[in-house]
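S.K.: In the numbering used here, the protein residues as written are 666 to 957.
I should point out that these hints are in silico values taken from the structure, not numbers from a laboratory. Note that the coordinates shown come from a computational prediction; the quantities given were computed from them, not determined experimentally. Be a bit skeptical, because a hint or two may be false.
Think about it this way: if two alpha-carbon atoms lie no more than 30 Å apart in a straight line, the pair counts; the simulated DSS-like pairs of lysine-lysine are [to be verified]:
hint: 1; residue 1: LYS742; residue 2: LYS760
hint: 2; residue 1: LYS748; residue 2: LYS760
hint: 3; residue 1: LYS748; residue 2: LYS804
Cβ-Cβ distance ranges computed for the label pairs, FRET-style [stated by the list, open to error]:
hint: 4; residue 1: ASP857; residue 2: THR739; range: 39 to 45 Å
hint: 5; residue 1: LYS804; residue 2: PHE773; range: 29 to 35 Å
hint: 6; residue 1: ASP893; residue 2: PHE696; range: 39 to 45 Å
hint: 7; residue 1: GLY774; residue 2: VAL693; range: 21 to 27 Å
hint: 8; residue 1: HIS691; residue 2: ASP857; range: 21 to 27 Å
hint: 9; residue 1: ALA911; residue 2: GLY684; range: 30 to 36 Å
hint: 10; residue 1: ALA911; residue 2: ARG740; range: 27 to 33 Å
hint: 11; residue 1: ASP824; residue 2: GLU704; range: 16 to 22 Å
hint: 12; residue 1: ASP824; residue 2: GLU874; range: 27 to 33 Å
hint: 13; residue 1: ASP749; residue 2: PHE773; range: 45 to 51 Å
hint: 14; residue 1: GLU908; residue 2: GLU858; range: 21 to 27 Å
hint: 15; residue 1: ASP866; residue 2: GLY697; range: 25 to 31 Å
Just so it is clear, CB atoms sit at the ideal spot from N, CA and C, and this is done for glycine as well.
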Amino acid sequence: MSSSPVPQGGGHRADARGGPLLEVDHVVVQFGGVTAVNEACFTADPGTVTGLIGPNGAGKTTCFNVISGLQRPTRGKVRFQGKDVTSMPVHRRSKRGMGRTFQRLEAFGSLSVRDNVRVAADIHRGVLTGLLPGGGRGKDIDALLERVGIAAYAQERADSIPTGTARLLELARCLAGDPKLLLLDEPSSGLDETETDAFGDLLRDLASEGRAILMVEHDMDLVMAVCDTIHVLDFGSIIASGEPAAIRRDPAVQKAYLGYSDEDDEDHTATDLPAVSDETLVIPAVREGAEA
Numbered sequence: 666m667s668s669s670p671v672p673q674g675g676g677h678r679a680d681a682r683g684g685p686l687l688e689v690d691h692v693v694v695q696f697g698g699v700t701a702v703n704e705a706c707f708t709a710d711p712g713t714v715t716g717l718i719g720p721n722g723a724g725k726t727t728c729f730n731v732i733s734g735l736q737r738p739t740r741g742k743v744r745f746q747g748k749d750v751t752s753m754p755v756h757r758r759s760k761r762g763m764g765r766t767f768q769r770l771e772a773f774g775s776l777s778v779r780d781n782v783r784v785a786a787d788i789h790r791g792v793l794t795g796l797l798p799g800g801g802r803g804k805d806i807d808a809l810l811e812r813v814g815i816a817a818y819a820q821e822r823a824d825s826i827p828t829g830t831a832r833l834l835e836l837a838r839c840l841a842g843d844p845k846l847l848l849l850d851e852p853s854s855g856l857d858e859t860e861t862d863a864f865g866d867l868l869r870d871l872a873s874e875g876r877a878i879l880m881v882e883h884d885m886d887l888v889m890a891v892c893d894t895i896h897v898l899d900f901g902s903i904i905a906s907g908e909p910a911a912i913r914r915d916p917a918v919q920k921a922y923l924g925y926s927d928e929d930d931e932d933h934t935a936t937d938l939p940a941v942s943d944e945t946l947v948i949p950a951v952r953e954g955a956e957a
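Please work from the sequences and hints to get the whole structure.
M.R.: Here it is as structure tokens:
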């Protein structure tokens, strides 16, 4: 994966207000008598990668739906660049600089990889752009494919490429809109170890250009390696926030993932899970396809 800049935007300056780019403020989401998200509060800053993790069913994807406009919160606010966007429709949030990928792959299967990115670029620039001389900016599209590492698949149909490659196609389509905020929902699913390492480098490069990246991810090696801050959801509530090292040691996080923490009584039976240490990965990965 190339580390060259995204062709369109030339990078993003940090928020002129000096505050977070995204603010989730006491968000509650209820479905009937079920509270899926409970008073969630967290931020994402320009130039950083922020992780949103938690066990299956913790409310991570519901939070993403609230941020991107697919789900209205029961209570609470979402602010983007200091503006309350809680009632703003999806397309207007996208125009303001939000970009999102999904757990479920959303590419146009009958189109080539390159044409998928071209469609995304044309939508963001305006439908008439593709009809004008030089419309579509083919060199920019090729540069995006090169940057995310899928240039070799440019002419392949999107429904014929491997799952990991399709995840990177989703990212390329998202970047075609030159977003200020990237919402990435399990972006490393289907990537092998080498591809995941390269993907982590790409995330850091994108953040270094001034973007805020908020990532839901079950690959804890990746999360611990690239995130500046991690927020942990459990049963819809934020139970911990902090830097990776602090999150790894947090007793509440250990209990959420393992059922007990280092602070519990050390008199475990032989069937207990092994004690957690700083030298080992304490949070297990989840298989691809599991619900967030």
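S.K.: Hint compliance check: list the failing hint numbers for this structure, sorted ascending.
M.R.: 3, 5, 6, 7, 8, 9, 11, 13, 15
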